[in-house]
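First residue of the sequence shown? That's 110 in my numbering, and the numbers climb one at a time after it.
Hints may contain errors.
Unchecked claim - Taking lysine to aspartate or glutamate and the DMTMM-like style, the derived pairs with C-alpha atoms no more than 20 Å apart in a straight line are:
(1) K185 to D157
(2) K185 to E147
(3) K185 to E390
Stated by the list, open to error - Pair ranges (Cβ atoms, derived):
(4) A322 to G148: 36 to 46 Å
(5) P318 to T137: 22 to 32 Å
(6) R178 to R335: 45 to 55 Å
(7) S173 to A306: 45 to 55 Å
(8) T271 to E176: 26 to 36 Å
(9) E176 to T145: 13 to 23 Å
(10) T257 to Q158: 48 to 58 Å
(11) P318 to A358: 26 to 36 Å
(12) R280 to H175: 39 to 49 Å
These are calculated hints, taken from the structure and not from any lab test. Glycine included, each C-beta is placed from N, C-alpha and C at the ideal position.
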Amino acid sequence: MGQLREDGYHHLTTVFQAVSLYDEVTVTRSSSLTVTVEGEGADLVPPDQSNLAARAVELLAARSGHEARVAISIRKGIPVAGGCAGGSADAAAALVAADALWGTEWTRDQLAAAGAELGSDVPFALHGGTALGTGRGERLTPVLEQGTYSWVLALSSPGLSTPAVYAELDRQRCAGPVGLVPDPAEVLAALRQGDAAALGAALANDLQPAALALQPGLRSLLETARSIGALGAIVSGSGPTVAVLARDADHADSLAAALSARGWARVRRADGPVPGARVVEAR
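Build the full structure now, drawing on both the sequences and the hints.
This is the structure:
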């Protein structure tokens, strides 16, 4: 992660991988724009026009000549305030759903360009798979890869504010030289080779020290994951979710059970890469 830019963002080099943890977003015609949210953490998600999904619908409506009179229903499966881009995934899903509902026939790249105005992670949530993100994370390059990767996501409470984590990163860097954008060569090489062990060894996150400073208990979770045989463990994004890499699906199941037995009750299994936001059922 590089320096703070004049626009308030940081220069990023990020390797994204979409995994099989989903929110379900339903968009139907209505007399006005409404948002309802259900599922774990729903009380932390704004059920109004400040919701990223609602903002996505309003943006597409304004650009395509439609009125944003739809009912948006969100069923949460992605951790809320967990550094897993759940809000961005909802915005991406809302763009895809509204495009299908109105028949605007925007290309995926057009939707991604609009989504970048809402958040840096929205373009990737639209495309999915595995990609290298640069700029503030919105400029995507597909990554050559082999195989499927098995993950355990360990959820920690309370959530962490992304702006607070970035502010802590900047505070930590004030006393020393500002870090340069890291070279992701080792991660990209491991993905090309389909080598989960090499990928686990190469995992790194410049935001992790800041997240640990704000939520020190995460250090124990990282150490526990490594001690029980994980190939790698890393704070996901700005945290506090920890992503734990396994050798394969069976190993991931064992790691999930072991973490649960050690008191980390909120664990989820996921595999990647998977596609981005898509229409599951048209109504």
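For each hint, the structure was consulted:
A hinted pair counts as satisfied when its Cα atoms are at most 20 Å apart, and K185 with D157 qualifies at roughly 16 Å. Distance restraint check for K185 and E147: the Cα-Cα separation of roughly 6 Å lies within the 20 Å cut-off, and the hinted pair is therefore satisfied. Taking the CA atoms of K185 and E390, the gap is about 17 Å. The hint holds against a cut of 20 Å. Taken as a hint, the range 36 to 46 Å is violated for the pair A322 and G148, whose Cβ atoms sit roughly 30 Å apart.
The given range of 22 to 32 Å is broken by P318 and T137, whose C-beta atoms sit roughly 44 Å from each other. The given range of 45 to 55 Å is respected by R178 and R335, whose C-beta atoms sit roughly 51 Å from each other. The hinted range of 45 to 55 Å is satisfied by S173 and A306, whose Cβ atoms lie roughly 47 Å apart. Checked against the hint of 26 to 36 Å, the pair T271 and E176 passes, with Cβ atoms roughly 32 Å apart.
The hinted range of 13 to 23 Å is satisfied by E176 and T145, whose Cβ atoms lie roughly 20 Å apart. In this structure the supplied range 48 to 58 Å is violated for T257 paired with Q158, their Cβ-Cβ distance being about 38 Å. In this structure the supplied range 26 to 36 Å holds for P318 paired with A358, their Cβ-Cβ distance being about 31 Å. For R280 paired with H175, a C-beta distance near 44 Å keeps the hint of 39 to 49 Å intact.
Of the numbered hints given earlier, the model fails hints 4, 5 and 10; all others are met.
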